[in-house]
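J.: Listed below, chain by chain, are the residues.
Number of protein chains: 2
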Amino acid sequence: MKQNIYDNPIFFKEYISLRESGVTFNDFVEQPAIKSAISTLKEKSILDLGCGTGHFAKYCIENGASKVMGVDISRNMIEQAKKENGHEKIEYICTPIEDLELHNQKFELIISSLAIHYIEDYSKLIVKVRSLLNKNGEFIFSTEHPIVTARKEMNNWVKDGSGNKLHWALDDYQEEGKREEHWYIDGVIKYHRTISTLINTLIDNGFIVEKIIEPQSIPSGLEQMSKLELINEERRPSFIVIKSSKLS
Amino acid sequence: MKQNIYDNPIFFKEYISLRESGVTFNDFVEQPAIKSAISTLKEKSILDLGCGTGHFAKYCIENGASKVMGVDISRNMIEQAKKENGHEKIEYICTPIEDLELHNQKFELIISSLAIHYIEDYSKLIVKVRSLLNKNGEFIFSTEHPIVTARKEMNNWVKDGSGNKLHWALDDYQEEGKREEHWYIDGVIKYHRTISTLINTLIDNGFIVEKIIEPQSIPSGLEQMSKLELINEERRPSFIVIKSSKLS
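Residue numbers (the UniProt record's numbering), protein chains in the order written: chain B, 1 to 248; chain G, 1 to 248.
FYI, nobody ran anything at the bench for these hints, they're computed from the structure. Keep in mind that a hint or two might mislead.
To be verified - Residues on chain B that point at chain G, a partial pick, calculated with CB under 10 angstroms:
id, residue
1, Lys165
2, Ile185
3, Ser196
4, Asn200
5, Ser248
Glycine included, each C-beta is placed from N, C-alpha and C at the ideal position.
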């Protein structure tokens, strides 16, 4: 059973209100990193795995992409995407990424922003991504950093009596698999994978690793968001971005 | 000034006695990993950067390498290497890795075992390694894992009152540079670098990343060494091994 937290009404409401604020880790840390990894969008055919409300799909079109297919498991997300970020060059499809079946359609760039840590079978996903890429096509994704997903407990900032963050607690690194957390609702499931699994699975499936980014906040984030929150990214990275290309 | 802890008499004595025990993290975790990353040694010309007492150089010859050059900053190490692991196909040179100058000599495989975290200028090292490799030559190295070197404090296992290890303390991840620790003697200097720096510097200098290993103990280690010590490797990796090849 694929997890679909985004169609939980409580989660969806909270999530949309967070994202619409424009003042999030996505805005200041993750999205700038994933965008910086893209050489060009011009004339590119793009597949966005876990497209959410379609902001990134729209961004691609605004920056010259020839077409975008956005895929998301959540009906709520896809409805919102069609409403807010619809475009004749964008096709939105509501399906779990794992179930996506496209015949005779290939893309020059496949993007996935913070969706892959929800996917149980990473290896199968990479095989699928490869089959959907043109020769020399690129695959760029962000996921939660293994440093952050490793420990089975939640709340891994260890604090002193006054609430100051002393350090980040890491554990269980080599034990890959399910991690459960509370994020607006109980029982949000993510999958921890090591750095070596993230990278070697790509290589073993015929990808060349082009770049690794462990992003920190862009300067405007430090101005607009609680500086304390974003400074944490200097202490331990929340995300990792991996850029790879299909070996021809 | 390049650091040469191995010519400190106290350090050298302790280190040799540790390594000669044959019951170390090197024997059960790091060396098996670096050896597993080597496709073949047969007929290969090999450069060993930070060769220590020459065990690995000898291993290469025993496994069919055509010649090995072993380089180490420590006179003590090189003397011991010549005495214990001398061979007509092995040349030992006493010089800091950073100062190694070879004209018209290239290698098919360059290895470096747990030496690179002592080197301040990683980027310069990678440029040098590239210049010393034949076309399609391979570079395989192990170094302390960024998870382990990140925090500026030492002793990062956080323990409860009974001495049980609760978790590993991580901090300061994005702040690359000097880390000082006590290892037999005070003031042992290592350099912390992020995962992305370790990998991107290779890619930016014309290497292809072939494999990443975050090793755990081999089974015989769990039998022969304190199981508790080696189980820690499941909780957080001490080492990372990176295998790369020169883009032709």
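J.: Does the CB of B/Ile185 sit less than 10 angstroms away from some CB of chain G?
T.: 26 angstroms, violated
J.: Would you check whether B/Ser248 satisfies its interface hint, that is, whether its CB is within less than 10 angstroms of any CB in chain G?
T.: 14 angstroms, violated
J.: Interface hint check: B/Asn200, Cβ to nearest Cβ on chain G, cutoff 10 angstroms. Holds or violated?
T.: Holds. Min distance 6 angstroms.
J.: Let me know if the C-beta of B/Lys165 comes in closer than 10 angstroms to any C-beta of chain G, holds or violated.
T.: 9 angstroms, holds
J.: With chain G as the partner, please determine if B/Ser196 meets the hint condition of a C-beta pair closer than 10 angstroms.
T.: Because about 4 angstroms separates B/Ser196 from the closest Cβ in chain G, which is inside the 10 angstroms limit, the hint holds.
Of the numbered hints given earlier, the model fails hints 2 and 5; all others are met.
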